[in-house]
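For reference, the chains in residue letters:
Protein chains: 2
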Amino acid sequence: MVEILVAEHAGFCFGVKRAVKLAEESLKEARGKVYTLGPIIHNPQEVNRLKSLGVFPSDGQEFMEGDTVIIRSHGIPPEKEEELKRKGLRVIDATCPYVKAVHEAVCQLTKEGYFIVLVGEKNHPEVIGTLGYLRACNGKGMVVETMEDIGEALKYEKVGIVAQTTQNEEFFKEVVGEIALWVKEVKVINTICNATSLRQESVKKLAPQVDVMIIIGGKNSGNTRRLYQISREINPRTYHIETADELSPDWFKGVKRVGISAGASTPDWIIEEVKDKIKEICSGSLVS
Amino acid sequence: MVEILVAEHAGFCFGVKRAVKLAEESLKEARGKVYTLGPIIHNPQEVNRLKSLGVFPSDGQEFMEGDTVIIRSHGIPPEKEEELKRKGLRVIDATCPYVKAVHEAVCQLTKEGYFIVLVGEKNHPEVIGTLGYLRACNGKGMVVETMEDIGEALKYEKVGIVAQTTQNEEFFKEVVGEIALWVKEVKVINTICNATSLRQESVKKLAPQVDVMIIIGGKNSGNTRRLYQISREINPRTYHIETADELSPDWFKGVKRVGISAGASTPDWIIEEVKDKIKEICSGSLVS
Numbered sequence: 001m002v003e004i005l006v007a008e009h010a011g012f013c014f015g016v017k018r019a020v021k022l023a024e025e026s027l028k029e030a031r032g033k034v035y036t037l038g039p040i041i042h043n044p045q046e047v048n049r050l051k052s053l054g055v056f057p058s059d060g061q062e063f064m065e066g067d068t069v070i071i072r073s074h075g076i077p078p079e080k081e082e083e084l085k086r087k088g089l090r091v092i093d094a095t096c097p098y099v100k101a102v103h104e105a106v107c108q109l110t111k112e113g114y115f116i117v118l119v120g121e122k123n124h125p126e127v128i129g130t131l132g133y134l135r136a137c138n139g140k141g142m143v144v145e146t147m148e149d150i151g152e153a154l155k156y157e158k159v160g161i162v163a164q165t166t167q168n169e170e171f172f173k174e175v176v177g178e179i180a181l182w183v184k185e186v187k188v189i190n191t192i193c194n195a196t197s198l199r200q201e202s203v204k205k206l207a208p209q210v211d212v213m214i215i216i217g218g219k220n221s222g223n224t225r226r227l228y229q230i231s232r233e234i235n236p237r238t239y240h241i242e243t244a245d246e247l248s249p250d251w252f253k254g255v256k257r258v259g260i261s262a263g264a265s266t267p268d269w270i271i272e273e274v275k276d277k278i279k280e281i282c283s284g285s286l287v288s
Numbered sequence: 001m002v003e004i005l006v007a008e009h010a011g012f013c014f015g016v017k018r019a020v021k022l023a024e025e026s027l028k029e030a031r032g033k034v035y036t037l038g039p040i041i042h043n044p045q046e047v048n049r050l051k052s053l054g055v056f057p058s059d060g061q062e063f064m065e066g067d068t069v070i071i072r073s074h075g076i077p078p079e080k081e082e083e084l085k086r087k088g089l090r091v092i093d094a095t096c097p098y099v100k101a102v103h104e105a106v107c108q109l110t111k112e113g114y115f116i117v118l119v120g121e122k123n124h125p126e127v128i129g130t131l132g133y134l135r136a137c138n139g140k141g142m143v144v145e146t147m148e149d150i151g152e153a154l155k156y157e158k159v160g161i162v163a164q165t166t167q168n169e170e171f172f173k174e175v176v177g178e179i180a181l182w183v184k185e186v187k188v189i190n191t192i193c194n195a196t197s198l199r200q201e202s203v204k205k206l207a208p209q210v211d212v213m214i215i216i217g218g219k220n221s222g223n224t225r226r227l228y229q230i231s232r233e234i235n236p237r238t239y240h241i242e243t244a245d246e247l248s249p250d251w252f253k254g255v256k257r258v259g260i261s262a263g264a265s266t267p268d269w270i271i272e273e274v275k276d277k278i279k280e281i282c283s284g285s286l287v288s
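Protein chains in written order, with this note's numbering: chain A, 1 to 288; chain B, 1 to 288.
It is possible that some hints are incorrect.
Note that identical chains are pooled: a pair holds if it fits in a single copy or bridges any two copies.
Said to hold, decoys possible - 25 Å max Cα-Cα, derived BS3-like pairs, lysine-lysine:
1) K205 - K155
2) K158 - K100
3) K100 - K184
4) K21 - K155
5) K253 - K279
6) K158 - K140
7) K275 - K205
8) K33 - K85
9) K253 - K140
10) K184 - K140
11) K28 - K85
12) K51 - K111
13) K184 - K111
14) K111 - K158
15) K184 - K158
16) K204 - K28
Derived from the structure by calculation, the hints contain no laboratory data.
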């Protein structure tokens, strides 16, 4: 019998799992329709599954009084949330608690007199939400996306630095170090979430223990490809798939242990489908 | 007539100049002997000049009640200063104000609940002095001299980082960035003095404007050698000397403009001697 081991940290992070669960639970007491403000995750299969339950992604145009709106894990600016409430919508806040911590951090640092540097992508929904909280607490600050951006921050004596939760650690380190050299005082609250690095560490741990590694996730998903690269360096028998259909029986000949990991936008049920398919393949090969 | 330009920032830094001046002034009201606790600068000619005025370097063994003791620019631990005062010595505190700022920073950060990381050399007199101030304000902390040292600091949630004033900026940056990745909150007060970088910037500005550059300072002085390298990259006709005696008439043939810079332990009067000698050489070559 083949043994299938799923990496300790794989697929959806805590915040996305929580948001999906809140979306499902919101259906119970919903009077009108149920929407997520934007797709809850960049995974069409999962978005379709939620649609089939009655949770629809929307940009807000069709909202009617009494409808339910789920704020996804990225969060939104507080004025936007107020606007939804003023329209008579039932608002379910599924903002990731780690993102809420960034909102709190920028306001705490503002109160302490710091100019805020938010290390992140200027157009990322999480960053747009955090900047809204910064405005709401009358803070001053900027987004640093490349090293060229930091000039503005160096005009201030006291700079407070936080990060988009999915920020690359190396770039954050570089920005913090550079600003600390140039301004009088820097306070850093590291708001990077470790979901990505935990996922990578789990692959490093699992890959050497198995005969074959299967990495599940979009072919153009950066974080999935990284998991694939890390795994393949340790275990050359690593395969990258998007769905169970791509599994090939050839990969499992003589295999006793299979390891599985998945990128950030892969729901658990897709991981389960892959596990089931592998079991089927391996039990089939036993009788052939 | 040859034109001699001295770099805007060259030789002794502000703190050392101030300490030498305080040492000279202390002679006026001295009753007993006048000492510096340790050599005031790593330059034997300058130490000898002060000796000839009546200021002697000492490790403290021969101090007698009523003698004057000058605390050099590095500073000393406060308990050591108290001890000197208890012995009935007249204490002149020539600690560099930038070093005093480090003493204040570690105590301010301690009051705010931070574990202190002092980026510097463990056996450097300035670091030993600062650690004394940290103890005196009941702070907890450590010195980070290499990246291997930072492990201890990562056990704390709040880490406050300061630097030895002569700390290398690249290493400081690296330490700040790395610690900021691992702990919850970091506050950095950049206490690095810019004397070294100003000296280097001044050489970069001066070297392309002159026919010949003369860099004065110990052949084994790291900061002087760096000035020499920077200058030579811009102006190949750069020479490194310790004293005016090493100047060669060959270097100045057909030369109209000479630039001069000097390392951190070179007093102004040695720079003046070099200027005079160059003038002598160049005026001599005019008549030969």
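Pop the pair K275 and K205 into one bin, within, between, both or neither, using alpha-carbon distances up to 25 Å.
-> within (19 Å within a copy, 67 Å between copies)
Is it within, between, both or neither when you check K158 against K140 at 25 Å Cα-Cα?
-> Result: close both inside a copy and across copies, 11 Å intra and 24 Å inter.
Between copies, within a copy, both or neither: which fits K100 and K184 at Cα up to 25 Å?
-> between (28 Å within a copy, 15 Å between copies)
Could you place K184 and K140 in one of the four classes (within, between, both, neither) given a Cα distance threshold of 25 Å?
-> both (17 Å within a copy, 22 Å between copies)
Using 25 Å as the alpha-carbon threshold, which applies to K253 and K279: within, between, both, or neither?
-> Answer is within: at 13 Å inside a copy they meet the 25 Å cutoff, but 88 Å across does not.
Status of K85 relative to K28 across identical chains (alpha carbons, at most 25 Å) | within (20 Å within a copy, 78 Å between copies)
Please work out whether the CA atoms of K111 and K158 approach to 25 Å or closer within one copy, between two copies, in both situations, or in neither?
-> both (12 Å within a copy, 18 Å between copies)
Within, between, both or neither: K51, K111 at alpha-carbon 25 Å | The answer is neither: 42 Å in one copy and 54 Å across copies each exceed 25 Å.
25 Å Cα threshold - placement of K85 relative to K33 | within (15 Å within a copy, 81 Å between copies)
Please work out whether the CA atoms of K21 and K155 approach to 25 Å or closer within one copy, between two copies, in both situations, or in neither?
-> neither (44 Å within a copy, 34 Å between copies)
First find the shortest C-alpha distance between K158 and K100 inside one copy, then the shortest across copies, and answer within, between, both or neither for a cut-off of 25 Å.
-> Both, since 23 Å and 20 Å are each at most 25 Å.
Alpha-carbon proximity between K204 and K28, which holds within one copy, between copies, both or neither at 25 Å | This pair counts as neither: shortest intra-copy Cα distance 41 Å, inter-copy 71 Å.
Of the numbered hints given earlier, the model fails hints 4, 9, 12, 16; all others are met.
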